[in-house]
Amino acid sequence: MNAPLIGNYPDATGHFGPYGGRYVGETLIAALTDLEAAWREAQDDPGFMSEFRAMLKHYAARPTPLDFAARLSDHIGGARIYLKREDCAHTGAHKINNVVGQGLLARRMGKRNVIAETGAGQHGVATATIAARLGMSCKVFMGAEDVRRQAPNVLRMRLLGAEVVPVTSGTSTLKDAMNEALRYWVAEVEHTFYIIGTVSGPHPYPAMVRDLQRVIGDEARRQMLEQVGRLPDLLVACVGGGSNAMGLFYPFLDDPCAMLGAEAAGEGLDTPHHAASISGGSPGALHGAMTYLLQNDEGQIHEAWSISAGLDYPGVGPEHALLHDLGRVQYQGVTDREAVEAFQLLCRFEGIIPALESSHALAAAIREAGKRPKTDAILVCLSGRGDKDLEHITAYMKANP
Amino acid sequence: MNRIDLTFAKLAAANRKALVAYLTAGDPDFDTSLAILRTACASGVDVVELGVPFSDPTCDGPVIQAASERALRAGMSLSRSLRLAAALRETVETPIVLFSYYNPLFKYGLARIAEEAASAGVDGMLVVDLPPEEAGPLADALAGRSIHLIRLAAPTTRPDRIRMLADGAGGFLYLISRTGVTGTGGLDYDEVARHAALVKSLCPHPVCIGFGISHGNDAHALAPLADGIIVGSALVRLIADAPSGTDLPERVAAKIRELRDGMDASPVS
Chain X
1 MNAPLIGNYP
11 DATGHFGPYG
21 GRYVGETLIA
31 ALTDLEAAWR
41 EAQDDPGFMS
51 EFRAMLKHYA
61 ARPTPLDFAA
71 RLSDHIGGAR
81 IYLKREDCAH
91 TGAHKINNVV
101 GQGLLARRMG
111 KRNVIAETGA
121 GQHGVATATI
131 AARLGMSCKV
141 FMGAEDVRRQ
151 APNVLRMRLL
161 GAEVVPVTSG
171 TSTLKDAMNE
181 ALRYWVAEVE
191 HTFYIIGTVS
201 GPHPYPAMVR
211 DLQRVIGDEA
221 RRQMLEQVGR
231 LPDLLVACVG
241 GGSNAMGLFY
251 PFLDDPCAML
261 GAEAAGEGLD
271 TPHHAASISG
281 GSPGALHGAM
291 TYLLQNDEGQ
301 IHEAWSISAG
311 LDYPGVGPEH
321 ALLHDLGRVQ
331 YQGVTDREAV
341 EAFQLLCRFE
351 GIIPALESSH
361 ALAAAIREAG
371 KRPKTDAILV
381 CLSGRGDKDL
391 EHITAYMKAN
401 P
Chain B
1 MNRIDLTFAK
11 LAAANRKALV
21 AYLTAGDPDF
31 DTSLAILRTA
41 CASGVDVVEL
51 GVPFSDPTCD
61 GPVIQAASER
71 ALRAGMSLSR
81 SLRLAAALRE
91 TVETPIVLFS
101 YYNPLFKYGL
111 ARIAEEAASA
121 GVDGMLVVDL
131 PPEEAGPLAD
141 ALAGRSIHLI
151 RLAAPTTRPD
161 RIRMLADGAG
171 GFLYLISRTG
181 VTGTGGLDYD
191 EVARHAALVK
201 SLCPHPVCIG
211 FGISHGNDAH
221 ALAPLADGII
231 VGSALVRLIA
241 DAPSGTDLPE
251 RVAAKIRELR
261 DGMDASPVS
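Here the protein sequences come in this chain order: X and B. Counting in my numbering, the first sequence runs from 1 upward without gaps. Counting in my numbering, the second sequence runs from 1 upward without gaps.
Chain X extracted, bound-state conformation (with noise of 0.2 Å):
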């Protein structure tokens, strides 16, 4: 192997190699620079740190489990299957870990007010959510478009305390959500912290979310030593903007394990409709960092395609770019209609609802199960359970029999 990869992205300045950086109107770079001051500074700090892991514990639900899908291992007759229950966390996905210890350093750095963008809505009510258990006002922008598709996550955000701002502008979908976002930050910026629901943004978001997700990758590890008595061979994780990848990955970095970072490939690769930034799109800089994105030739920024409303986005954190760059993580093209099968997999020989992104990855860890020995080990992280997608997923069904 080469040289260590775990602590060694970003550099000073913020990249990842060539990706990540901070390409934001210098109005923010104040903001930037003294909230990584602030990250740096409550990292070292054992109280914050023991604070944030007694939340995670207590509040949050961790360790979530790590857990053998024996009867679906079993259905596929390859490698052997297992989960890091990330649905079963607080408010049913991963991205409670982030904004705990996002909401903590609001609170450090005295903000009252929280932000947040959303698209399918799960972010903004994990930020809905720690803005209620901090004592913070909280405003989540959400694409209208999402707002109507995503009725039940509305309510939620509301019955929390939130208020939920629709987005008309460009697409009035999850990049115009976090255009809106920036918007109201760069006005609001004195009293107002911005909680980024993925490890992408300007640095230091990237790496600051990583660090707040990496207790998934820390607890698998650890884990799967204990439970099963060795490291996988292969980790699969769904990437949209790639929390949960990245969160699960990163420990893993140094290690001889192989890893699989599952895009939206909507309709197909091949077609307009999707949203795989990686294996479908190409190098450039949108909402504050240097990474890949969909966009035509001249650099206008299309619109992201998938089934799957938390994958729907057309870039993706800096640190995948890299990690693809590097040929460390494959990153693959999972359709609509593949993440529905195994969506349904999952239910009927294992009993749990998982949610539509994470359907991506458990496709993507099934179609390499079948090439593999029974003697290999597949981590995937199920990164959220499926209730909110029950009425999407019915009418896809229902159209695509």
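Please note that a few of the clues may not be correct.
[Said to hold, decoys possible] Distance windows between CB atoms, simulated:
hint: 1; chain 1: B; residue 1: E250; chain 2: X; residue 2: T13; range: 27 to 35 Å
hint: 2; chain 1: X; residue 1: R112; chain 2: B; residue 2: G136; range: 35 to 43 Å
hint: 3; chain 1: X; residue 1: D34; chain 2: B; residue 2: G168; range: 19 to 27 Å
hint: 4; chain 1: B; residue 1: A143; chain 2: X; residue 2: P152; range: 53 to 61 Å
hint: 5; chain 1: X; residue 1: M109; chain 2: B; residue 2: D160; range: 40 to 48 Å
These aren't lab readings, by the way, just hints derived from the structure by calculation. On a predicted model such as this, the values are computed, not experimentally measured, just so you know. Positions of the beta carbon are idealized from the N, C-alpha and C atoms, including for glycine.
Knowing the structure of chain X, use the given hints to seat chain B on it.
For chain B alone, coordinates are given in the frame of chain X:
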């Protein structure tokens, strides 16, 4: 000599302030946009900022967002923005600053954009989401050409950083008057004056103030604080609000005259 430097030298000699006008390239379409730009240059604009439309303009308010969308719908792109600049350059000597987000430039290729912008007669580039820390590759591509990379300073920018920005600035320094996106009003003149005085004291280059300047009275109040003022949304709004068939170039020119009159009525500092 670079046309921006020449313009500010002439203005300083005449004890006058610069009126910098932002317009989105190709808004509402290529031909109308060119006619508006030509008329603007003939009506008292000292520097043109030609905005390259972008799908995700995170630093802009609703007025310029909508202009970007209109221009993109009309088929505008970076390559056509350069053609527009070249067409404008055929008839005017006014400095042209290409105003863009970084992604269109990066995707186009930095060496290519530097070469084509130079041959189109562009005198400066202002990239709103490209702080100096990330600007090395573009600065390298522009090296040896007569194109300034314009820097921005914000109300949140602290003195040590203002010094750093000013040291490497070319052409003029764009001072953002207030936090927030373009086109939001409600300027606190005293607040702007305090920050402008600090920036002026630290910057050896001309300083122009932009964001939120809509009317002659804003121009009157702010022009004395710096070397010029920048107006964008107030002009772009006229294009958005125009009933079809109206004489857009004349409407924009009337606004420019209002601002120019406001500036020239100022007691010159």
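Going through the hints against the structure:
| no. | hint | result |
| --- | --- | --- |
| 1 | B:E250 to X:T13: 27 to 35 Å | violated, 49 Å |
| 2 | X:R112 to B:G136: 35 to 43 Å | holds, 38 Å |
| 3 | X:D34 to B:G168: 19 to 27 Å | holds, 23 Å |
| 4 | B:A143 to X:P152: 53 to 61 Å | holds, 55 Å |
| 5 | X:M109 to B:D160: 40 to 48 Å | violated, 21 Å |
The structure fails hints 1, 5 (numbered hints given earlier, in ascending order).
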